[in-house]
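A.B. asks: Chain residues, written in single-letter form:
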Amino acid sequence: GQSLEQPSEVTAVEGAIVQINCTYQTSGFYGLSWYQQHDGGAPTFLSYNALDGLEETGRFSSFLSRSDSYGYLLLQELQMKDSASYFCAVLSNYQLIWGAGTKLIIKP
Amino acid sequence: NAGVTQTPKFRILKIGQSMTLQCTQDMNHNYMYWYRQDPGMGLKLIYYSVGAGITDKGEVPNGYNVSRSTTEDFPLRLELAAPSQTSVYFCASSPGTSGNTGELFFGEGSRLTVL
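Read top to bottom, the protein sequences are chains A and B.
If you count the first sequence from 1, you need to add 4 to reach my numbering.
If you count the second sequence from 1, you need to add 426 to reach my numbering.
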């Protein structure tokens, strides 16, 4: 079967750094995406890794290791507005396979 | 530029009723998708389309139907609504694999309750 595993909840302090891990097992793999979703909102795209290594976009970075079927999202200089759910999703054969999401709780 | 537009935003249905969720996009994207999201869960793919006239089942197609007569429109039909179909439904689009960066463009969602 196809599955993605990510922690259900992570707590961090404002201004700190947090890493959200994702491991996957899928048939067919083109790349790993990350999405942010605020309560009551739609998912919004953050990043995409097709090749091994680190991609940086402002305060957010995403890493992929294809040999380990593993990736992570790194959020730096956390702000209260970063409180949301974060989803990893594997691009496989025309479609995205989604993890269950990680709820990020940020404390002042 | 409107992006992906879904209607209605909210709807309450009685068991056994039918309805259509509308989705339209103005980005000339080939690929369109319907997802459902239950509380505290990730997105489950219901149906997808890689172009006008072409549709295919996703992970959870039972109880739903779709059509894709134009590039812009991808309606989702619920037949004989059941309480298990209470969920938030998202329509999304993407340019296609040739320019695929793993990015989907989402509508705002349609919150459906079946009582």
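To be clear, the hints were calculated from the coordinates, so they are not data collected in a lab.
Note that this is a predicted model, so its numbers are computed, not measured.
Hints are not guaranteed to be accurate.
[Said to hold, decoys possible] Each computed BS3-like pair below joins lysine-lysine, with the alpha-carbon atoms no more than 27 Å apart:
1. 107/A with 85/A
2. 470/B with 440/B
3. 470/B with 483/B
4. 107/A with 470/B
5. 107/A with 435/B
6. 440/B with 85/A
7. 470/B with 435/B
8. 483/B with 440/B
9. 85/A with 111/A
[To be verified] Derived list of chain A stretches under chain B, where covered just means 3 residues or more per stretch with a C-beta under 8 Å from a C-beta of chain B:
10. 17-25
11. 42-48
12. 69-82
13. 102-109
Heads up, the beta-carbon is just placed ideally off N, CA and C, and yes, glycines get one too.
A.B. asks: Quick one: see if chain B covers the region 102-109 of chain A, three-plus residues with Cβ-Cβ under 8 Å.
C.D. replies: holds (count 4)
A.B. asks: Could you grab the alpha-carbon distance between residue 107/A and residue 435/B and see if it respects the 27 Å cut-off?
C.D. replies: Roughly 24 Å between the alpha carbons, so the hint for residue 107/A and residue 435/B holds.
A.B. asks: Residue 440/B and residue 85/A were given as a pair; does the straight-line alpha-carbon distance stay at or below 27 Å?
C.D. replies: 37 Å, violated
A.B. asks: Holds or violated: are the alpha carbons of residue 470/B and residue 440/B at most 27 Å from each other?
C.D. replies: 23 Å, holds
A.B. asks: Check whether three or more residues of the region 42-48 of chain A sit with their beta carbon closer than 8 Å to a beta carbon of chain B.
C.D. replies: Holds: 4 residues of the region 42-48 of chain A have a Cβ under 8 Å from chain B.
A.B. asks: Is the straight-line distance between the alpha-carbon of residue 470/B and that of residue 435/B 27 Å or less?
C.D. replies: Status holds; Cα separation ~19 Å.
A.B. asks: Between residue 483/B and residue 440/B, is the straight-line Cα distance small enough, at 27 Å or below?
C.D. replies: Satisfied, since the Cα-Cα distance of roughly 25 Å is no more than 27 Å.
A.B. asks: At least three residues with a C-beta closer than 8 Å to a C-beta of chain B: is that true for the region 17-25 of chain A?
C.D. replies: Coverage by chain B is violated for the region 17-25 of chain A (0 residues, Cβ < 8 Å).
A.B. asks: Is it true that the CA of residue 107/A sits at most 27 Å from the CA of residue 85/A?
C.D. replies: 13 Å, holds
A.B. asks: Would the pair residue 470/B and residue 483/B pass a check requiring their Cα atoms to be no farther apart than 27 Å?
C.D. replies: 11 Å, holds
A.B. asks: Taking a Cβ-to-Cβ distance below 8 Å as contact, does the region 69-82 of chain A have at least three residues touching chain B?
C.D. replies: violated (count 0)
A.B. asks: Are the Cα atoms of residue 107/A and residue 470/B separated by 27 Å or less?
C.D. replies: 18 Å, holds
Of the numbered hints given earlier, the model fails hints 6, 10, 12; all others are met.
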